[in-house]
Amino acid sequence: AQSVAQPEDQVNVAEGNPLTVKCTYSVSGNPYLFWYVQYPNRGLQFLLKYITGDNLVKGSYGFEAEFNKSQTSFHLKKPSALVSDSALYFCAVRDKIRGTYKYIFGTGTRLKVLA
Amino acid sequence: DSGVTQTPKHLITATGQRVTLRCSPRSGDLSVYWYQQSLDQGLQFLIQYYNGEERAKGNILERFSAQQFPDLHSELNLSSLELGDSALYFCASSTNPTGGPLGEQFFGPGTRLTVL
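Chains as they are written, first to last, in the numbering used here: chain W, 378 to 492; chain H, -2 to 113.
Certain hints may be false.
Unchecked claim - If we take Cβ atoms under 8 Å as the criterion, some of the chain W residues that face chain H in the derived model are:
hint: 1; residue: Phe411
hint: 2; residue: Lys426
hint: 3; residue: Tyr478
hint: 4; residue: Tyr480
hint: 5; residue: Phe482
hint: 6; residue: Thr484
What the hints assert, rightly or not - Below, a list of computed lysine-lysine pairs in the DSS-like style, where the Cα atoms sit at most 30 Å apart:
hint: 7; chain 1: W; residue 1: Lys479; chain 2: H; residue 2: Lys6
hint: 8; chain 1: W; residue 1: Lys454; chain 2: W; residue 2: Lys435
hint: 9; chain 1: H; residue 1: Lys54; chain 2: W; residue 2: Lys446
hint: 10; chain 1: H; residue 1: Lys54; chain 2: W; residue 2: Lys399
As the list claims (entries may be wrong) - Here are some chain H residues the structure puts well away from chain W; computed CB gaps all over 10 Å:
hint: 11; residue: Thr4
hint: 12; residue: Arg15
hint: 13; residue: Val16
hint: 14; residue: Ser21
hint: 15; residue: Ser24
hint: 16; residue: Gly25
hint: 17; residue: Gly49
hint: 18; residue: Glu59
hint: 19; residue: Ser62
hint: 20; residue: Gln64
hint: 21; residue: Phe66
hint: 22; residue: Thr92
hint: 23; residue: Thr111
Think of the hints as simulated: they come from the structure by calculation, not from any bench. Even glycine gets a Cβ: it sits at the ideal position worked out from N, Cα and C.
All chains should be built: construct the whole structure from the sequences, respecting the hints.
Structure, rendered in C-alpha cells:
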C-alpha cells in the first residue's frame, strides 16, 4: 500500500545548526515526492519536489532534500536553521492509483528552532 | 498568499447539522482538492475535481459531498455532523489534474470547523 512516514513528531534544533526532517515512503511505481511547510494558522506552502534527476533537490528558503531510492527516503535538510523555520513540515507522495493520481501526506513533523 | 480563498474562516455548529465550505481556486487553475486536517488523523485527502468533474476520491465519508461549479469554485458539503468532524478543512488547487507545472498544489488558508 502507498504510504508516507514521518517518524518524528517533533525535531528541536539550535539556531545556526543543520537540521534534518525525516521522511520515508512506499509507492507502487516511481515516486513523485514533495515537501510542504505549514506556519501557524496558514495553509500549506510548497517547498520542493523530486520527480527525476539529481538526487539532491533544492527548494525555497534554503531547504534541500535528498532522495535515496535504496532507503526509500526523502529527508528534508537545511545547513543552518533559523528561528523563523519553526513550523510544521509535511512530506507527501503522488502516486497513480487505479488510473488516477492521489497525494498522500505524512502526519507532519513539528520543527522547533531554538534561539 | 497562495491565491486560493476559502470561506468561512471559522464555523461553529452543532451535531446533526449541515454546513457548506467554499473554495475559490487560483486564477487559471482547473483542479481543486479538498483535505481534512485533524490532530489524530493528520492531513487526509478527501476528493479532487477537475474542470467540474470528479477526478479522484480519497477517504471521504458518505455524509460528505463536493462539487465544482462552471466558474471553477468548489463547495464541500458536510451533513449529519458529528463531534469527530471537527477539523481544519483545506482546499488546494493546481493548473492540471496531476498538479501544477512543478507538480505542486496551492493551498488555501483553511476553514476551521468546530462541532459542538
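Here is how each hint holds up against the structure:
| no. | hint | in the structure |
| --- | --- | --- |
| 1 | Phe411 | holds, 7 Å |
| 2 | Lys426 | holds, 5 Å |
| 3 | Tyr478 | holds, 5 Å |
| 4 | Tyr480 | holds, 6 Å |
| 5 | Phe482 | holds, 4 Å |
| 6 | Thr484 | holds, 4 Å |
| 7 | W:Lys479 to H:Lys6 | holds, 26 Å |
| 8 | W:Lys454 to W:Lys435 | holds, 10 Å |
| 9 | H:Lys54 to W:Lys446 | holds, 28 Å |
| 10 | H:Lys54 to W:Lys399 | holds, 28 Å |
| 11 | Thr4 | holds, 14 Å |
| 12 | Arg15 | holds, 24 Å |
| 13 | Val16 | holds, 19 Å |
| 14 | Ser21 | holds, 13 Å |
| 15 | Ser24 | holds, 17 Å |
| 16 | Gly25 | holds, 17 Å |
| 17 | Gly49 | holds, 16 Å |
| 18 | Glu59 | holds, 19 Å |
| 19 | Ser62 | holds, 18 Å |
| 20 | Gln64 | holds, 18 Å |
| 21 | Phe66 | holds, 21 Å |
| 22 | Thr92 | holds, 13 Å |
| 23 | Thr111 | holds, 15 Å |
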